[in-house]
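Colleague: Listed in order, the protein sequences are those of chains A and B.
Those letters in the first sequence? Residues 1 to 346, per my numbering, in order.
Those letters in the second sequence? Residues 1001 to 1346, per my numbering, in order.
These are calculated hints, taken from the structure and not from any lab test.
Just so you know, these numbers come straight off a predicted model, no measurement behind them.
A portion of the hints provided could be inaccurate.
Straight-line C-alpha distance at most 20 Å; calculated EDC-like pairs for lysine to aspartate or glutamate [to be verified]: (1) B:K1026 to B:D1286; (2) B:K1214 to B:D1196; (3) A:K95 to A:E203; (4) B:K1095 to A:E343; (5) B:K1336 to A:D286; (6) A:K95 to B:E1203; (7) B:K1095 to B:E1329; (8) A:K336 to B:D1286; (9) A:K214 to A:D196.
There are 2 protein chains.
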Amino acid sequence: MRVLMAALIAGTAMTGAAQADALRDKALTYFAPLPSTVPAVKDNTITPEKIALGKALFFDPRLSASGVFSCASCHNLATGGDDNMETSVGHGWQKGPRNAPTVLNAVLNEAQFWDGRADDLKAQAKGPIQAGVEMANTPAQVEGTLASMPLYVEWFTAAFPEETSPISFDNMARAIEAFEATLITPAPFDSWLNGDDAALTAEAKAGLELFIDKGCSSCHSGVNVGGHGYYPFGLVEKPGADVLPEGDKGRFAVTATVDDEYVFRAAPLRNVGVTAPYFHSGKVWDLNTAVTIMAESQLGEDMSDIEVTQVVAFLDSLTGTVPPVTLPELPPETAKTPRPTVELLQ
Amino acid sequence: MRVLMAALIAGTAMTGAAQADALRDKALTYFAPLPSTVPAVKDNTITPEKIALGKALFFDPRLSASGVFSCASCHNLATGGDDNMETSVGHGWQKGPRNAPTVLNAVLNEAQFWDGRADDLKAQAKGPIQAGVEMANTPAQVEGTLASMPLYVEWFTAAFPEETSPISFDNMARAIEAFEATLITPAPFDSWLNGDDAALTAEAKAGLELFIDKGCSSCHSGVNVGGHGYYPFGLVEKPGADVLPEGDKGRFAVTATVDDEYVFRAAPLRNVGVTAPYFHSGKVWDLNTAVTIMAESQLGEDMSDIEVTQVVAFLDSLTGTVPPVTLPELPPETAKTPRPTVELLQ
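Construct the complete structure from the given sequences, taking the supplied hints into account.
Modeller: Set out below in structure tokens:
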């Protein structure tokens, strides 16, 4: 009898732990916790000098033709690494075509942009600087701007010590990538994946269970809970043109394959709770609404309000801690620095 | 004889020190070193809670109607506390009427704006937020925006603990003033005023001597080497309309007194070496040129190139160290937060 009781007690005690472990085991087949160190990136050794240079460049509005916008304008580290706009406002008050994704943890995405047209962050960084509706600059003018400031020459030399002409548009992009690689935001979900049962509320755990069981995690998986793989928006049912504008055919523009019409990268969901508005169109401000739309359009699921609330509680557990970023002091212009061009190029 | 030699040696030794002391004594009748503590401001007790709230507000683009601009956009702490533009670009890509002055040490100016129309920084802060060509917002919308975010409600309550309705446009301005009061940038000139002979080069000391003897310091004096007193631009000889546009009559717009036509506040010169372009029109990018124009127009002096270079060496000794500013993490929007208005109001 005593033996039986002890076995029962041990059994009960094991059940709670076993349940937690079972959910964690299941979760770990889909997701992974963030690394505790700066991730290595392809063809770009990360050094403290490169990170420091990249931080300066990230915050330097003189990378734009107008002198108004820096990387940080649309990827604001104070507001979740994005800009809280449907689509960003750029050069000449033009509106960009798609919602600016967060730069936080972006180094861990498989590719960059909503259509994955850039392989990595060093390729990505060169896009907005040249886009006419964003920073409207040219590689030559950027190089001229950087070379005009002795302090930048010093910093590029320190960051690329083996190169005879360290100042280049490509090296600028490499340095920005190095800085961005440091923007890793560990969240309660990581603590939980790493074994801290108390890091998630019961509601968030229920949401995680739904997130897996309903099928969200078949696309939104991996260390960034998304950020890899391309899927048609409207797999089961196309949302209205208010959410999915007809003019933007997504990855079709990259691959020119009919199968890729309205195909977009599954959004990485880390920090989704602080990066409204949602979708490539930026048309949905409320996360509950976004979850409801996704369930309908991608899974053909009509989720109850309680289920949506639980999933959102899980998604909120992906809001992480941004590493402290101290503003750089940027090199002052010289007589050779190109001046801001505010006028629209026609 | 031995006594005479000793007296001669002592005399020589004293001469160098006496010269340094004489220049310092003279300088101290015009200038003062920066304080080592955050300056007290009128009607606004500065507390850590108010500074922290003010920092968040300073960096929050949601204080603008469009969500594009924060105080930090035109008063960029990474580029000398201003924006390196002739005149700032604001809502709808409109250009502001005057060059944005630096926010660094601005708390020590006697009044704010080029025409001194705001008594202090809490009055100043309310201007650009409402200006149609800058942030284009309204006090009511700002209050609605702030009240929509629980974290702001918490922070305002902590910053204004004795008030029953702490969220107000006025308290927003008070908090911003509290943060801005911390932006004090001690420079080599302060070290020298405080007794460190080695802090200024011989060239800078020669420039300081010229700055005083030629009469620059009759207007550019005090702790901010300017920033108080109003003087006609073109006291001796009016510069051309390229530098002094005819349409901007300066302080005349504030006082409606004919004597105040083309009268502007003597610019505070701390960090002038990193805050090009110059003058209220922002039309001059080169500091040597700006000094030459000032000497001609205000003093009727035709300074030699060497003299100008010496004065600029002195002015460069006013470039100070910006206190480290770690970016805030701003409260996320809620369903009640007003959305960005990118359209121009007609």
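Colleague: Confirm or reject each hint.
Modeller: Going down the list of hints, with the structure as the test:
no.	hint	in the structure
1	B:K1026 to B:D1286	violated, 28 Å
2	B:K1214 to B:D1196	violated, 25 Å
3	A:K95 to A:E203	violated, 38 Å
4	B:K1095 to A:E343	holds, 11 Å
5	B:K1336 to A:D286	holds, 10 Å
6	A:K95 to B:E1203	violated, 50 Å
7	B:K1095 to B:E1329	violated, 29 Å
8	A:K336 to B:D1286	holds, 10 Å
9	A:K214 to A:D196	violated, 25 Å
The structure fails hints 1, 2, 3, 6, 7, 9 (numbered hints given earlier, in ascending order).
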